[in-house]
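Chemist: Construct the complete structure from the given sequences, taking the supplied hints into account.
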Amino acid sequence: MEKEKPEMETVPLKSRFRRLPELLPMMIFCGFIFAMAIGYLLLPKEEYSPQEKKKLVSFPCAAPEQILNGTFQSELDTFLSDHIPGRLFYAGLSADYELCSGRNGSKGIYLGADNTLYPAPAAEGNLLKNAGFIKEYAEDSDIPVYMTVIPSAGAIQEQGLPLVHESYRDRELIDSFRQALGDKVIFTDVYDHFKEAAAETPLYYRTDHHWNSRGAFEGYQMLCTALGKTPLKREDFSVETVDGFYGTSYSKSALWLTPPDSVELWSDKAQSPQAVQVEIIDGEDRKTGNSYFFREQLANDDKYPVFLDGNHSLVRITNQDAPDGCLVVVKDSYAHALVPFLSRHYRTIVMADLRYYKKDISALAEQEGADGVLFLYSLTNLSEDNNLSFLF
Amino acid sequence: MIFSSLLFLFLFLPATLVLYYLTPKRFRNITLFVVDLVFYAWGEPTLVLLMIVSVVLNYTAGILIGHFRSKKTLAKWLLAADVAANLGLLGFFKYAGFIGETIQMVLPFVSVPIIEVALPIGISFYTFQTMSYTIDVYRNTVAVQKNFIDFGTYVSLFPQLIAGPIVRYQDVAEQLCHRRENLQQFNSGVKLFLIGLSKKILLANEMGSLWDTVRETGAQAGALGSLVGIIAYTLQIYFDFCGYSEMAIGLGRMFGFEFVRNFDYPYISQSVTEFWRRWHISLGTWFREYVYIPLGGNRKGLGRQIINIGVVWFLTGLWHGASWNFILWGLYFGVWLMLEKVFLLKLLKKAPRFLRHFYAAVLFTFGWVLFYFEDVGEMGSFIARLFGAEGFFMSESLTVTVLGYLPLLLCSILLSTPLLKWLYEKVKVRPLRLSLDTLGTCCALLLCTAELVSSDYNPFLYFKF
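Residue numbers (the working numbering), protein chains in the order written: chain A, 1 to 392; chain E, 1001 to 1465.
Bear in mind the hints are in silico, worked out from the structure with no lab data behind them.
By construction, the Cβ of each residue, glycine as well, lies at the ideal position given by its N, Cα and C atoms.
Warning: the hint list may mix true and false statements.
[As the list claims (entries may be wrong)] Cβ-to-Cβ under 10 Å is the rule here; a few derived chain E residues that face chain A:
{"id": "1", "residue": "Met1001"}
{"id": "2", "residue": "Leu1009"}
{"id": "3", "residue": "Phe1010"}
{"id": "4", "residue": "Leu1013"}
{"id": "5", "residue": "Ala1015"}
{"id": "6", "residue": "Val1018"}
{"id": "7", "residue": "Glu1044"}
{"id": "8", "residue": "Pro1045"}
{"id": "9", "residue": "Leu1183"}
{"id": "10", "residue": "Phe1186"}
{"id": "11", "residue": "Ser1188"}
{"id": "12", "residue": "Thr1401"}
{"id": "13", "residue": "Arg1430"}
{"id": "14", "residue": "Thr1438"}
{"id": "15", "residue": "Cys1442"}
{"id": "16", "residue": "Leu1452"}
Modeler: The structure is reproduced here in structure tokens:
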């Protein structure tokens, strides 16, 4: 199109230049689409997106059969979307645009006061079905079964939510869950206490869906009452703060302008450093550590896995300083921040994650000689999880 | 392939532009024809053959009709055969299942074989285009196109291939062989394309998801929620269709074509008659030229005119889809048009302007209810809900969604009027106007790309291994 300027040939040179700025839309448009095309063709293709924690698709197979039945065409669309130059920039731009045009929470995350990101409320989902599984487990169990359900950040820190938001029914959902759970499970309800405590200090991360160390500490104190232990106090810990934490809510929201969060590592001052051993078992894979904190995880944007190295099938924590006793914890990732506190009171804690651990839990408890089994779940995960059938 | 996709915007279009403008002028239609076939085959890898059949058929018919034009009877039979063949193909691929089901409904004791065929994309559009050619050749209003490539390019021209506008052959005959692409036209094409793209991605898609949410809410939506929902759908279908037409016209300009305008702010109409002069203009023109006027139009008395309006609107409804609700929708407008013709327009003239706007808005909005629901049961329960059968207010959760979409909904309503265009034309200061153009271009490109990408941005955050 550059070669031919039929109209322009007849126009005097001066006026031709004068008209040039009028063609800016065309120049920008062509510049943009050609730059994107060249970017697509020349830029190296990544195989994995660390921000999204997903494998990106590779170029689809262009055999005649795939083209005729249309699979090549649809897979190419996914490929182009996965590998578009500046993908994260565009995702962020879209999130900001949606926020500015009134749709806070459109990606399942609300931006609230003080740059706090709140995951959308939990629905009832599998809640009652899961209550049924745990009830059944407790009724067959000879050792005491404890449970705590961790409410969501939005329900506890409601004052920080944007004006227009879906309502958080955590109170009501926890009540109906507890009712369906029966009497045999010793249930610790942290909701009201959390509401009070959150008025003073946040109990959840700003950029992540998990509770923070303070939240986990409050949960620990309440659980101790149920477990018959005397909890440590706030003053018994030294606190180390690590900045630069961009959690899951941050990645999910794509609101890249949200400032980073920080992680607090609480260490018991009286704990001798050599006494702790953490053994991580994923099927055949084994890994050990001698601290609750896996500091290599602090190098990542998502720093929450610093607690007990994130999600694993089975984790055994031994603390030689603690009195005899064993606790089995069936849990989701919220437990990782709390179990280090509980470890002060049990020589052995065995954590099982039913998303990956598919063996019988009562056999595990028996084999470990456990004094109790603790179920520790966040309300959101509990309502979405469909792995509790693996209890048996 | 659709225009609002990464593939089209960032691979197909740049490649096509390069190929097209690198081709010497005489051969450009060949390039365009090949590109058109690739474009169509991308979505319909096998049914592209059907389109080629249609091109060959009408090309041959055109030559034959042109050749025997002096022999009236033979030419008439040839045209009749061609129209029958075109309608036969359209009938088989679009209406076979529908006709079967309808016969089955009327004759419940006979077993009617129901043929299930996939509807080839754009068949309703290109069939109407080819018929406009052969009919005009018969009428001797256009010259016979002897060049197969030029004719093929006309039928399959990718900008308007899938969703119009329905370009009549006579409107582009000259441009097919003698068009002079130029930068000014290209530039205005880019602007129009981006306006259309933004309408589709930034407005229509969002209004569509609001309408989806309302429908999924079901009985909880109440009268208010249902009203918001149908308004959202009214806006969605306008911005979707008008956006597509503007993208088509814009793309046409990039390749030196000038197509007729398809939408002229239909929602500011003050009567149903006016609405149909502003909505999908190319289809209205087609039916007027090739059905209404040949039937006698309004020249044979009021009685005959009313029958003609009935036929045209039955067909207009049927053209939109093979289902009774579309026919109902067409006839609904047919009835209102007749009423307006007989007495309503005179009455409306005396009414205040806002009342006329309100009257038209209520009628076309309600029309979209008939258009949307193919299932009569669902249509009935939606209408009942709209009139308050399940309470007035919407559920809390829907209220939250509606409030979130409210700014866009209001924007969409404003943008369905010529307000912004009027304001833009008020800007006489050249630098300001140029800055607006530039800013608009950048915003449209970035936001549309962002929305296209983000629909697939779905981090998978809770996995491990």
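Chemist: All the hints need checking, so say for each whether the structure fits it.
Modeler: Hint check results:
no.	hint	result
1	Met1001	holds, 8 Å
2	Leu1009	holds, 6 Å
3	Phe1010	holds, 4 Å
4	Leu1013	holds, 6 Å
5	Ala1015	holds, 7 Å
6	Val1018	holds, 8 Å
7	Glu1044	holds, 9 Å
8	Pro1045	holds, 5 Å
9	Leu1183	holds, 6 Å
10	Phe1186	holds, 6 Å
11	Ser1188	holds, 9 Å
12	Thr1401	holds, 9 Å
13	Arg1430	holds, 8 Å
14	Thr1438	holds, 5 Å
15	Cys1442	holds, 6 Å
16	Leu1452	holds, 8 Å
Consistency note: the structure conflicts with none of the earlier hints.
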